[in-house]
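Asker: Sequence:
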Amino acid sequence: MQKAQSQSYSGFLEDNYNGVHGILSNPANIADSRLKLDVNLVGVSAFFGNDYLGANLGDLFRDFENTFDEASKTPKDNNFLAANLDILGPATMLSISQKHSIAVYTRGRIFLNVDDFNGNTIDKEGGFNENEDFFVDEGNISGQLNLWTEIGATYARVLSDREEHFFKGGLTVKYLSGIRHNYINGSDISLDYNAAQRQITTTGQLTQGRDFSEGSDVLDDLLSFSSSSGFGADLGLVYEWRPEHAKYTLMDANGNPKPNRGDNKYKLKLGLSITDIGRINNENGEEETYDLNATQDIDNFDGLDLDEALQENFATIGATRVSAPSALPTALHANADWNVVSKFYLNLNTDLSLRERNRINTAHVINQVSLTPRLETAWLSIYSPVSLMQGVGLRWGAGLRVGPFYMGSGSVLTSFLGQTRTIDAFAGVKVPIYQAKLRDRDNDGIFNQEDACPDVPGPVDNQGCPWPDTDKDGVLDKDDSCVDQPGPVENNGCPWKDTDEDGILDKDDSCPNEAGPAENQGCPWKDTDNDGVLDHNDNCPETPGLAEFDGCPDTDGDGIMDKEDRCPNEAGSQENKGCPDTDGDTLVDVDDECPNVAGPVSNNGCPEVTQEIQKQLNDYARTILFDTGKATIKTESVSVMVDIIQILNEYPNAKFTVEGHTDSVGSSESNQKLSEARAKAVLDFLINEGISSTRLTAIGFGEDKPIATNDTASGRKQNRRVEINLIK
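Taking our numbering, the leading residue of the sequence shown gets 419, the next gets one more, and so forth.
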């Protein structure tokens, strides 16, 4: 940023390595500075500019006497001139940390403004001829000359550092000691000279202020303090866009982030500041206002300076007063600095005065816009500011910083190339101590000073050195559980073991602690059923068996193993699939409903009940005797019942119906009940003697099915009967 006196140190104040000078334009500049410590010994900047006279600096050296005669002049009713001298005395900037910086400085300043003077008056060749009439219309004119010293302190800090967005701010407070001041402010001033009468008529009003130090040495005064004092301030903000912020942060050996404070990190920097806020209360001076409306002899002014001419020839308006405060040249500065590429920068700066012209004892800067390309390194900067200054026009300068020395000018090139209206120069010497630039030769993120292997990339866990691979197995020692024995990655760098020494590596061995064949994944074959046949040869691994049957059992010992034997618990022939046929009827017992009695297959291996057997059963059944009118079997019929049972047992799968019949004596209902009861009595007797209840049913027919006439005793006897009939 340019400083409040925008004509001072032109081009140098944009330099990122300007150190303490940065506070003159924007106090935020010293936060995150490229310098750790900067001590300015002395620096001087001088400026003169106007819009009336333009001269070539080359002509000044070649022919000084004729330079101003040949100079271009631009007289106007409201010409101006400005000048300043800025002496930066001992000053120090200290970067306390990455976020905080402070500075203290001493400074002496001389500031001159003359505004709205009539250039046509000055333009009269050879001055005024007392024998000729002349008229000067000066109108409103103002001017001020102030000399003061400053002692200032600055604090700046980083406000926000969020990846690519970086903000910092700063504040300077300064004590001001007024040394000299002199100012005028006039309105409606004119001079009308009558040569014939040798009288001059003046009009208008003029206010003049001055200090009481006339006759003292200015330089001595700049180093002293007076009763005129005040306070001032500068404040500023800076934003930096850092799109590549990550590459400027390295790590120490412990992995802690370490910003590279020696490098500029921004692609674009924007700054805004207000400088020279404040004023000096002039206790050591006085102010008077003069009424210039008078006509008097021209000889009254012979040999008098301005103060004497005013005091001796014009009346004052009001009483003498204490001088007006000296207002500092408050200014607003906006700045943009673009890092074009590497060490090349382009700076755009605007300085705008916040003070009005023609105000009493008020200094002000000249508004300007400047564009400054520069080449910048830590020990060398070359810059060439091009500026457009209000009322002056185009200026082109050059500057240089080499180590502790700095010098330059904002107008030196235009001063030699053409008629320039400004001339300025600065020079100084300081002691800069730069921030260390962290370097990372191997690009592993750890800066060289902390990197145990600065030329070979390595992780921070190993202090920047690559991890060794002692056994050359491709597994780094840090991940290798067997650093001296090569082994695959999947086994953490160790060779695979064969714990059970079965020739199968543990990684492929399902039973690494038990020897076994490869075909069983390194596991020993089991004999789950302990039959002497190993499971892999045992077709029945969970059931004990015989080796001749591949480990499967033959429980009944018939030579047919159980899983192929329909009757594994009973010995049988091969043709009967291991099942017996006890009765030899070709139907094996398991399918034979009468395994102990031969019978045709059609009757499930049981003998068939023939008509003769059926007749025999009924012959026996008809002889079963009951107590009269009752269902009780008489004792003498037990032998018959035994015979019937023997026949039934010979046909174990045959089913029979026990039928009860009566004669017609008695009621039909009672006969029906009696027949049912007698059939039931026979059925119960048979069941009790071992005949299956599933083979027998009982039914009574009463008197409904006679086999003889009921008209005779013989016929009725035949009808009172029990029949046992085969259920077909």
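Think of the hints as simulated: they come from the structure by calculation, not from any bench. This one's a predicted model, so the numbers in the text were calculated from it and none came from an experiment. Incorrect hints may appear among the rest.
Claimed, not checked - Computed beta-carbon distance windows for the label pairs:
(1) 925 <-> 902: 19 to 25 Å
(2) 460 <-> 766: 28 to 34 Å
(3) 726 <-> 524: 32 to 38 Å
(4) 982 <-> 1033: 45 to 51 Å
Backbone N, C-alpha and C fix where the C-beta goes; we use that ideal spot for every residue, glycine too.
Asker: Falls inside 45 to 51 Å, the C-beta gap from residue 982 to residue 1033?
Answerer: holds (48 Å)
Asker: Check the following: the C-beta atoms of residue 726 and residue 524 are separated by a distance inside 32 to 38 Å.
Answerer: Given a distance of about 36 Å, which is inside 32 to 38 Å, the answer is holds.
Asker: Does the Cβ pair residue 925, residue 902 satisfy 19 to 25 Å?
Answerer: For residue 902 against residue 925, whose Cβ atoms are near 20 Å apart, the range 19 to 25 Å holds.
Asker: Just tell me: holds or violated, for the beta carbon distance of residue 460 and residue 766 against 28 to 34 Å?
Answerer: holds (30 Å)
In the structure shown, no violation is registered for any of the earlier numbered hints.
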